[in-house]
Amino acid sequence: MKLITAVVKPHRLDEIKEALQAFGVQGLTVTEASGYGRQRGHTEVYRGAEYTVDLVPKIRIEVLVEDGDAEQLIDVVVKAARTGKIGDGKVWSVPVDTAVRVRTGERGPDAL
Amino acid sequence: MPPGISTLAADTPTLSSANTGFMLICSALVMIMTPGLAFFYGGMVRVKSTLNMLMMSFISLGIVTILWVLYGFSATFGTDKGGFIGWTSDYVGLSGLGITQLWDGYTIPVYVFAVFQLMFAIITPALISGALADRVKFSAWALFVALWVTVVYFPVAHWVWGAGGWLFELGVIDFAGGTAVHINAGAAALGVILVIGKRVGFKRDPMRPHSLPLVMLGAGLLWFGWFGFNAGSWLGNDDGVGAVMFINTQVATAAAMLAWLAYEKIRHGAFTTLGAASGAVAGLVAITPSGGAVSPLGAIAVGAIAGVLCAMAVGLKFKLGYDDSLDVVGVHLVGGVAGSLLVGLFATGGVQSDVKGLFYGGGLDQLGKQAVGVFAVLAYSLVASAVLAFLLDKTIGMRVDEDVEVSGIDQDEHAETAYDFSGAGGGAGSRKAVPAPSDTVAAAAPIKKVDA
Numbered sequence: 001m002k003l004i005t006a007v008v009k010p011h012r013l014d015e016i017k018e019a020l021q022a023f024g025v026q027g028l029t030v031t032e033a034s035g036y037g038r039q040r041g042h043t044e045v046y047r048g049a050e051y052t053v054d055l056v057p058k059i060r061i062e063v064l065v066e067d068g069d070a071e072q073l074i075d076v077v078v079k080a081a082r083t084g085k086i087g088d089g090k091v092w093s094v095p096v097d098t099a100v101r102v103r104t105g106e107r108g109p110d111a112l
Numbered sequence: 001m002p003p004g005i006s007t008l009a010a011d012t013p014t015l016s017s018a019n020t021g022f023m024l025i026c027s028a029l030v031m032i033m034t035p036g037l038a039f040f041y042g043g044m045v046r047v048k049s050t051l052n053m054l055m056m057s058f059i060s061l062g063i064v065t066i067l068w069v070l071y072g073f074s075a076t077f078g079t080d081k082g083g084f085i086g087w088t089s090d091y092v093g094l095s096g097l098g099i100t101q102l103w104d105g106y107t108i109p110v111y112v113f114a115v116f117q118l119m120f121a122i123i124t125p126a127l128i129s130g131a132l133a134d135r136v137k138f139s140a141w142a143l144f145v146a147l148w149v150t151v152v153y154f155p156v157a158h159w160v161w162g163a164g165g166w167l168f169e170l171g172v173i174d175f176a177g178g179t180a181v182h183i184n185a186g187a188a189a190l191g192v193i194l195v196i197g198k199r200v201g202f203k204r205d206p207m208r209p210h211s212l213p214l215v216m217l218g219a220g221l222l223w224f225g226w227f228g229f230n231a232g233s234w235l236g237n238d239d240g241v242g243a244v245m246f247i248n249t250q251v252a253t254a255a256a257m258l259a260w261l262a263y264e265k266i267r268h269g270a271f272t273t274l275g276a277a278s279g280a281v282a283g284l285v286a287i288t289p290s291g292g293a294v295s296p297l298g299a300i301a302v303g304a305i306a307g308v309l310c311a312m313a314v315g316l317k318f319k320l321g322y323d324d325s326l327d328v329v330g331v332h333l334v335g336g337v338a339g340s341l342l343v344g345l346f347a348t349g350g351v352q353s354d355v356k357g358l359f360y361g362g363g364l365d366q367l368g369k370q371a372v373g374v375f376a377v378l379a380y381s382l383v384a385s386a387v388l389a390f391l392l393d394k395t396i397g398m399r400v401d402e403d404v405e406v407s408g409i410d411q412d413e414h415a416e417t418a419y420d421f422s423g424a425g426g427g428a429g430s431r432k433a434v435p436a437p438s439d440t441v442a443a444a445a446p447i448k449k450v451d452a
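Those sequence lines, one after another, are chains D and A.
All letters in the first sequence, in the order written, are residues 1 to 112 by this note's numbering.
All letters in the second sequence, in the order written, are residues 1 to 452 by this note's numbering.
Relax, there's no trap hidden among the hints.
Pairs of lysine to aspartate or glutamate, DMTMM-like flavour, derived with a Cα cap of 20 Å:
{"hint": "1", "chain 1": "A", "residue 1": "LYS319", "chain 2": "D", "residue 2": "GLU50"}
{"hint": "2", "chain 1": "A", "residue 1": "LYS203", "chain 2": "D", "residue 2": "GLU44"}
{"hint": "3", "chain 1": "A", "residue 1": "LYS265", "chain 2": "D", "residue 2": "GLU50"}
{"hint": "4", "chain 1": "A", "residue 1": "LYS198", "chain 2": "A", "residue 2": "GLU413"}
{"hint": "5", "chain 1": "A", "residue 1": "LYS203", "chain 2": "D", "residue 2": "ASP54"}
{"hint": "6", "chain 1": "A", "residue 1": "LYS198", "chain 2": "D", "residue 2": "GLU50"}
{"hint": "7", "chain 1": "A", "residue 1": "LYS203", "chain 2": "D", "residue 2": "GLU50"}
{"hint": "8", "chain 1": "A", "residue 1": "LYS265", "chain 2": "D", "residue 2": "GLU44"}
No wet-lab data here; the hints were simulated from the structure.
Based on the provided sequences and hints, a complete structural model is requested.
Next comes the structure, spelled out in structure tokens:
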């Protein structure tokens with residue numbers, strides 16, 4: 001199994017959700033996050049004094065998938081998240097040892 | 001506001017209920033400016049010092065009101081003593097006044113004039129507080145307010161507006177307080193911060209305004225109240241001068257807001273909310289001395305010039321390294337100086353007085369007089385305020401400890417915080433629950449007789 005994590009622009013959430021549903025993903029976790037990449041946030045101006053705001057709002061989406069689906073699913077997320085502008089975010093995957101559905105006790109791919 | 005112009009016995013004024021009502025409303029309008037100022041400033045500081053900023057303005061409503069009744073009115077508008085200060089024993093404690101006694105040469109009771117002027121005395125020291133954000137002991141501030149109005153405001157207001165005051169006699173035009181209020185407060189702010197120094201982290205830590213909606217609310221209240229401040233300063237509206245002031249106030253403020261925003265857009269790439277609020281206040285400040293002397297078109301010029309000048313001036317603190325936290329110098333001193341000097345250029349004659357400015361064929365005479373007024377008040381207020389701050393700093397201390405400043409002045413000085421971020425059901429700490437009053441509990445509890 002793989003854990004796909006995407007940190008993306010908040011306003012792309014709906015598109016990503018729809019794309020994941022169309023792909024057949026059953027569940028996901030969404031967290032509000034903040035951070036910056038190479039673009040280093042944004043600048044605000046108060047009476048001419050400029051303040052650099054490093055951390056900008058992001059959404060963190062996490063999905064557990066079977067190994068075989070991981071690469072394709074990453075492509076789905078990237079396609080739905082992309083605006084082409086700076087700060088679109090990142091998607092990555094990590095291997096997962098085990099997963100358990102709490103209600104039934106099912107393990108491994110059955111728990112997804 | 002011209003005091004006691006001499007009138008012929010034949011047209012001795014009688015009480016006008018219209019003017020009296022108008023002036024009572026104007027007084028109430030000026031009063032709302034001080035809480036408005038509190039919000040204007042309060043939104044501009046960080047969360048941890050919001051309440052302190054509100055309180056520094058609000059306390060002026062308490063202290064100055066009492067001092068005004070005790071001796072302030074007498075010192076400001078009593079019989080002139082050498083051009084410097086006034087004194088009339090009947091004014092002390094407002095004790096020797098009859099309810100129908102009129103202000104000399106006008107159609108309103110002395111009480112109405114006294115209460116209208118009181119509101120000016122209240123807001124002027126409150127204006128200073130914006131430069132001192134985050135770092136002044138509240139007790140020291142309260143004492144400063146009491147001393148400052150006594151040593152600086154009452155005399156300066158007498159110079160400018162009191163019959164026999166030396167600037168008044170010289171012919172300096174200050175319709176509603178550009179000199180006595182704004183230059184006075186702006187110069188005082190500069191004097192105090194030169195003594196007490198910068199905030200911890202000035203130019204290093206971000207000190208962004210915590211609530212621009214509060215700033216806008218405050219600026220809106222200031223704009224609204226300013227109609228009373230300016231239109232009321234003719235002490236009646238029998239001849240329409242008050243209405244000229246009203247329209248000029250609106251026009252100059254609008255022009256200044258647009259000018260500030262245009263400057264910002266060109267210079268920094270955005271039309272900011274804080275710029276709109278600040279531009280409006282800059283326009284209000286600038287039209288205050290000049291609004292009775294200029295035409296509405298002149299008011300547009302005054303506002304636009306002041307808007308750009310003040311927008312440029314607020315950056316000075318970073319260049320020069322003094323921490324005028326909320327730009328009292330940049331907005332009130334610069335705006336006040338601009339408005340006062342522009343009288344010498346744009347005065348049309350025939351509104352408040354016959355004086356004509358340079359652009360209307362009056363030569364440089366009035367400009368020179370205005371410059372004397374500006375410089376005299378600026379210098380006196382700057383020096384006297386710095387001396388007062390120095391004395392307070394050497395005795396009771398002006399500043400809070402550095403760790404208090406860093407952790408938040410609200411909690412230490414006022415035992416409160418402006419906002420509760422603990423959320424529903426958590427984070428409130430181990431605060432003791434306040435027991436409900438026992439009678440409420442008894443009334444609310446079901447009463448059931450239990451048989452033994």
